[in-house]
Each structure stands twice: as C-alpha cells, then as structure tokens.
Amino acid sequence: MLGETMQVTISSGNNINGTLVLPLFEGGEALPEIVEGIPTALKSQINRVLADGDFKAKANATMTLAGTEGGKAMLVGLG
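For the sequence shown, our numbering assigns the number 27 to the initial residue and increments by one for each residue that follows.
Worth double-checking, as some hints may not be accurate.
[To be verified] Distance condition first, Cα-Cα at most 20 angstroms in a straight line; then the derived EDC-like pairs of lysine to aspartate or glutamate:
1. 98 to 78
2. 69 to 30
3. 69 to 52
4. 82 to 95
[To be verified] Have a look at the derived ranges for each label pair, beta carbon to beta carbon:
5. 65 to 31: 31 to 37 angstroms
6. 66 to 30: 31 to 37 angstroms
7. 98 to 53: 21 to 27 angstroms
Hints were generated in silico from the structure; no laboratory data involved.
For each residue, glycine too, the CB sits at the ideal point set by N, CA and C.
Model the full structure from these sequences, guided by the hints.
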C-alpha cells in the first residue's frame with residue numbers, strides 16, 4: 027500500500043544465535059551479488075525461495091526461514 031511508512035532499525039552485533047533480517051526489494055530471483063557473509067546453506071535456501079517465487083518481497087511481507095545449518099533468516103519485503 028503506497029503512502030505507508032516502514033521503519034527499519036539496523037544494528038551490528040555478533041549474536042550467532044539470532045536471526046538474520048534481510049530486507050529485499052521486489053523483482054529479485056536471487057540475493058544480490060553484494061550480499062556477503064551469509065553461510066552457504068542459508069544463502070542457498072534463500073536463493074531457492076526467491077527463485078521458486080515463494081517470497082515476492084512485496085511491501086511489509088515477511089517470511090521466516092529456519093532449520094538450516096546456516097541459521098535462521100527473516101526475509102522482509104520492501105516493495
């Protein structure tokens with residue numbers, strides 16, 4: 027919905043038991059090349075979800091991925 031504001035807070039840390047929150051724009055079928063430092067298993071799972079069209083990154087959409095060797099991730103759509 028246009029006109030709504032999404033607030034995003036970013037902080038750094040070394041919490042390996044946490045969840046990676048990954049903001050994404052619509053139209054991507056894979057993680058951008060610039061994304062680095064994500065464990066291979068988790069990156070593969072994210073790319074599979076994007077390529078299959080299971081997450082479209084529409085504004086305010088979210089999807090949590092859990093259970094991989096690489097940890098957990100929450101995909102957040104930015105539209």
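Which of the listed hints are broken here? Of the numbered hints given earlier, those the structure breaks are 2 and 4, listed in rising order.
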